[in-house]
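What follows is the residue order along each chain.
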Amino acid sequence: MNKIIDTKKIIISNPLKLDCGKEINNFPIAYETYGELNSEKSNAILVFHALTGDQYVSGKNPITNKDGWWSYVVGENKPIDTNKFFVICANVMGGCMGSYGPSTINESTGKQIGTDFPIITINDMVNAQYELIKYLEIEKLFAVVGGSMGGMQVLQFVANFPDKAKLAIPIACTSSHSAQNIAFNELGRQAIMADSKWENGFYSNYKLNPDKGLAVARMAAHITYLSEKGLQEKFGRKLQDRDSLRYGFEADFQIESYLRYQGSVFVDRFDANSYLYITRAMDYFDLSKQYKGNLSEAFKKTKTKFFVISFTSDWLYPTSENREIVIALNSVGADVGFVEIESDKGHDSFLLDVPSFLKTLGDYINSTYKIINERRI
Amino acid sequence: MKEEFNIISNLIEENTRVLDVGCGNGDLMKFLQENKTKDIRGLEISKEKVQNCLSKGLTVIEGNAESDLKQFPKSSFDYVILSQTLQAFLNPELVINELLKVGKKVIVTIPNFGYWRVRLQLLFKGTMPVTENLPHEWYNTPNLHMCTIKDFYNFCSTKNIKIYKSIALKKSRISEINKSNLNYKNLDSHLGIFLIES
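Protein chains in written order, with the numbering used here: chain A, 1 to 377; chain B, 1 to 198.
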């Protein structure tokens, strides 16, 4: 974990007032870009990552050596074609891939910040990433796109900067974290904090890592990303490398083995404190509350075109919650398209090979890019 | 189809805000976008068709007119179009009321069940009519509430809905419908097109 890799990074010197009241400055935001910015600077797409994502959207992730987390969507000849678009993705504030987060070293002590890191929000994340856009001297993005927590950032971005993106595509997300969402996040946090190696968040001072707790958090969360049908079809009651039950607590079932594996690989690439902070930011997200309980007020000033996408088997951020975003946009006359994609892959559908999703998204982005460019001429 | 699109297009003023309810694969939306106005949205119940529209860059929402028109503010569109789908709703009266709320003006087109070819099939063959315009069999038709031009005309006057323009279409022949030729047009036309307002 936290291998030092050459990450693109900017230090934001402008003071940023966080929602918790604290002001920060001179903090790093790590990012990656794909494709080329054209001379009119009209082809930039800002992608926001989800809870456990990072800036490595496409290609090989230099830290994990696996494919970028959105390789189905972003890349050469992919729905977001990097031959055509300039794609930017930043590690969110609170993350552990080079941006300002709990594992950042406090220069005065030489130690990780740990739980002295301030509580951050989706709004703070978005405001920090806006600094990156300014640094890259992009006056107006062609699109802001993201799924899950990335979708929340899309909504917050347009609310904060109504004239900075021509197109916004929030996918499989919500405008406000539900009790069920908060409950699952709390389960994960409690698993981490119950690990004796957590040490109130200062585990790095003792060269410890609450990896058991973090693995359990990941296992629980992973279940929420799948669907009942998907799980049943893929695993059912199939046994793992054995012909009969062993009458013990080993991983008899494939699903157990699968979840244990998911937990174990996760702890190698993710920081436990980052998991606490980012899930907290998601729980605090309530866009309509920021606008006195009226979600449509958040979009009142925007000329941005919206395309909202949900998935049939996503029970974490179900279609009904995505529809609420559509309703709020319609009630202020915003330009919004919406479709619920058929898929039994649950919330994770947006990350996976779901052909009708990939085709609709790609075709939509490309035709809209063409229409907007033609209109300008 | 083209004639119907032309007539609808002629009823619409340029650069107005339009909603096409039951927009299908977006053919009418595309036609109007090229000829009348860029500011056009669609509502469609079939996922596949919604995806088709979105792929063309059209702004379409997956939804059901019976439950999802409510989300649009009152008079938020200059025109709302309902092309040959009124008969497919569980409650056409409710849909018409919703359309009249959302749109300042509403364009409704109706496959005429009173057309003589339709009548003859029932009269002589004794079977439910199947025509070019109404291609389904009784057991698989999506059409729950077929009506005639005369039915819709009478419906509007009973409900105090103002008819601005009513046009009858037979093949590619276009004519106006009025009180005195209503019975004849009801027999002689396969499609009725109405521009109405509450």
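These are computed hints drawn from the structure, not numbers from a lab.
Quick caveat: nothing in here was measured; it's all calculated off a predicted structure.
One thing to keep in mind: the hints can contain errors.
Lysine-lysine pairs mimicking DSSO-like chemistry, simulated, CA-CA at most 27 Å apart [as the list claims (entries may be wrong)]: (1) A:Lys305 to B:Lys30; (2) A:Lys301 to B:Lys70; (3) B:Lys104 to A:Lys300; (4) B:Lys2 to A:Lys166; (5) A:Lys164 to B:Lys38; (6) B:Lys101 to B:Lys47; (7) B:Lys47 to A:Lys234; (8) A:Lys305 to B:Lys36; (9) A:Lys301 to A:Lys78; (10) B:Lys165 to A:Lys305; (11) A:Lys370 to B:Lys38; (12) A:Lys140 to B:Lys104; (13) B:Lys2 to A:Lys370; (14) A:Lys84 to A:Lys164; (15) A:Lys300 to B:Lys2; (16) B:Lys70 to A:Lys78; (17) B:Lys47 to A:Lys166; (18) A:Lys370 to B:Lys47; (19) B:Lys74 to A:Lys292.
Unsatisfied constraints (hint numbers, rising): Of the numbered hints, 4, 9, 10, 12, 15, 16 do not hold.
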